[in-house]
Amino acid sequence: MDLTRMTAAELGAAIAAGETSAVEVTQAHLDRIAAVDDRVHAFLHVDTDGALAAARAVDERRGDGQPLGPLAGVPLALKDVIVTRGVPTTVGSRILEGWIPPYDATVTTKLHEAGIVVLGKTNMDEFAMGSSTENSAYGPSHNPWDLDRVPGGSSGGSSAAVAAFTAPLGIGTDTGGSIRQPAAVTGIVGHKPTYGGVSRFGLVAFSSSLDQAGPFARTVLDAALLHEAMAGHDPMDSTSIDAPVPPVVAAARQGGTGDLTGLRVGVVRELSGQGYEPGVEAVTREALARLEKLGATVHEVSCPSFGYALPAYYLIAPSECSSNLARFDAVRYGLRVGDDGVRSLEEVMSLTREAGFGPEVKRRIILGTYALSSGYYDAYYGQAQKVRTLISRDFAAAFETADVLVSPATPTVAFPIGERANDPLAMYAADLCTLPASLAGLPAISVPSGLSEGLPVGLQVMAPALADDRCYRVAAALEADRGRPLTEEAPAL
Amino acid sequence: VTTLESTVDIASRYDPVIGLETHVELGTVSKMFCGCPTTFGAEPNTQVCPVCLGLPGSLPVPNEAAIESTIRIGLALHCDIASWCRFARKNYFYPDMPKNFQISQYDEPLCTDGYLDVTVEGRTVRVEIERVHLEEDTGKSLHVGGATGRIHGADHSLVDYNRAGIPLVEIVTRPVTGTGALAPEVGRIYVTELRELLRSLGVSDVRMEQGSLRCDVNVSLSPAGSGVWGTRSETKNVNSLRSVERAIRYEMSRQAELLDRGGRVVQETRHFHEDNGRTTPGRSKEEATDYRYFPEPDLVPVAPDAAWVDRLRTTLPELPAERRARLARELGATDFEMESMANAGVVELVAATAAAGAPADEARNWWLGYLTQKANAAEIEPADLAIDPAQVARVVALVEDGTLSVGLARQAVDGVLETGADVDTVVAERGLRRVSDVDALAAAVDEAIAAQPDVAEKIRGGKVSAAGALVGAVMKATRGQADAKTVRELILQKLS
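Protein sequence lines, in the order shown, are assigned to chains C and R.
First residue of the first sequence? That's 1 in the numbering used here, and the numbers climb one at a time after it.
First residue of the second sequence? That's 1001 in the numbering used here, and the numbers climb one at a time after it.
Hint data in this document are derived by calculation from the structure and do not stem from the laboratory.
Note that the structure is predicted; figures quoted are calculated from it, not measured.
Do not take every clue at face value.
Said to hold, decoys possible - 25 Å max Cα-Cα, derived DSS-like pairs, lysine-lysine: (1) R:Lys1476 with R:Lys1494; (2) R:Lys1090 with C:Lys386; (3) R:Lys1090 with C:Lys362; (4) R:Lys1236 with R:Lys1140.
Using the sequences and the hints, build the whole thing.
See below:
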């Protein structure tokens, strides 16, 4: 039995039943990392000692007869944007190289409480800005389906780890699509929860009003189990929603029966056509046919404001980031360049930021600083917030006739490393499908829908706020109809 | 400017316009957006956490008690309370500001459009309040080396983040016009009155010397009667009531001299110097910082509903102005007397002394007279003297029952101020009790008569007025403890 090929649910059950141990499971994944991660480069930091210690603790609890949760002892790849006490957290940036956080994110604490074993911290586009991990200061990750292609981004390290079977579970964060897009292009499941569903405390901020952490897994049920472990109200995050976690695990199990009778599916007209690869559109049409076969009714809906999502996003996210990243000033933590006792504070700050931030981060800081400037605020930031309201209204109208909305998760399959690295607008277009739900704060999942020329395609399923369970139900039904996770079809590394 | 022109003369040529921005550190147990304690004077950087240090990933959670205090301040200042408002980020770089933005409020303050009435020389001036908003304080920097104590030119800087994140309320007035030569006093009395109000609300310890109440003073001059406002200067961190008055006086004089010469007032921030009472230029606002305000996305809007506001309204104490009106009735004090007491900062002390049993007139005379002199000599507020109203009431009682003369009573007060002991202990230990016992005095009287036989002879001869010399001698011999009236009677009796 290859422990790395098992699902998280299977591993959790086997550990709880004593058929294997958390240490064995963890060691198997550490071995797999040692074997393949030099080619995939999913991890920035592998915490071997910490992972084995956490696994031993789970085995001891089991030995003491204490009850274990469904994911106790199951390994996980954690995006390096989530702070971990005593374990380096770089956010993919030179500016935080060597920083050891003195505290845990709420998500990290919840993982510990669930007995989930954090294998290490995964690669990402610097400060979560990008769609390929090519903006990481530490080099790109590689798509396990084709090592010359990107694994998506910004959470590409976690998606690559899960797709490469170096971890059954991963955590990403999604600001404009950074969970769904990498999930789609690596053939795994990735869910962006309702904004406020998962605590942001300890998530190094890119764009505060959009950032949301969520699960990656190779199966819908595994993603739901992880969602349940990481979600819930947190008094440390005032934007956290004080409501019960949606019943995502139950929904995944229900959807797994393959019955979607009575479900109304709206297909967003604006998320298709120009810029969408024919192969992606073909797989998406086939997925819609399968939804109908499973009992759903499918109709087209129009969301005219979605066309403004991209420009609105590229005003709001940079604006917030220009403020959020102001704290990286060489004074209190992280990189400090040129502090020779002669240079002034401003000079040291300037040299540090010049060396510590990559070009995409600088571009967005400058964009956002400009957009918030006196005299430009109303025309840019203010206008973008109005577009956000219009997008929310489009969603509200569409949900009057549909229980869920669907679209491709990305316009294209994984693109080759380097292809878009010097073309920011082409890179930004990777998030065309995912931006509307981000701007409206709505839950959305990407579930594998098939292959186009041998590369994975994802279907995005969007639902009203706090109806995350609908995403999981539809995703699980599609998965059940396929018969097995798409990653089973991936070429061996 | 070397000598200041009188404000009366300045006001004959220019109409001063003043504006005050007051920052108040709230006395909440924990900070504005985290659970750290707010105790003053702790070891540097011991009251900090990831949130108030602005570590990556940390998030603010608002302190409800601070929001309530702000609303109560707004209500006490007759403001409208917003039914929905947001915090905003004010973006600028400074090493003592951990996030390089300050969470503040911008175009949606919690409280707007209020007023505070102040009385200056019998005239009531309504100071309009534009806004009251809530924000977080910054840390404290100490710039080491360099001549100015400021960051430019310093060798290095030390930063204490204990203060970072302490809730800070900013109270901004509308421009105050039409006060003429009284402008400096209006400024001081407004801050005095505001401080009393905040103290009565119990929202802050309002200690200017510790920085929990800080004032920025805006001053401009316009040619008399022109109605066209001049360019203003903004003098930062004026940290005593007296300094508020001095800073306005100095700025009026400085600007008047500039304008008289045909010069131009520059819109700028200035620093006030306690030692010489002058202001010097800080950074120029003409190259203004763009704070790039935008709604704080880490916080949900604050929406005080009517029920909440109404409940807070019921928690307002009797406010200083109402209280003074009541006390004026109870103390039987005239408006002039009340104003004198208010300006000296002794209204509450007089009331408490009267409440402790002293006649109101006596209580007022002590606090406005001898005790205010003592406070001035020590350069402290009367309230900070080492004597409390109960002790003053005891002194008054001892004078009334004849135990102490007024002179002895002052000695007793001096003893209390010096030692901190209570009045009765001081009287006993220093032997200040007035001597009216005839037997005890007889010997001293005999000595005085023996020492000045010529005077005694005059009295015997019917020249009663000469007795004063002998009374004086006895008083001197008894170190003032004798009762002069008894001494006089004794002398006359013996020489009749």
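- Query: Given the proposed pairing of R:Lys1090 with C:Lys362, does the C-alpha separation stay at or below 25 Å?
  - Reply: Since the Cα atoms of R:Lys1090 and C:Lys362 sit roughly 20 Å apart, the hinted pair holds (cutoff 25 Å).
- Message: Does R:Lys1140 sit within 25 Å of R:Lys1236, going by the straight-line distance between their CA atoms?
- Response: This hinted pair holds, its Cα atoms lying about 15 Å apart.
- Is the Cα-Cα distance between R:Lys1090 and C:Lys386 25 Å or less? holds, 22 Å
- Task: Mind checking the alpha carbons of R:Lys1476 and R:Lys1494 for me, to see if they're no more than 25 Å apart?
- Result: Cα-Cα ~19 Å, so holds.
Hint compliance for this structure: no hint is broken.
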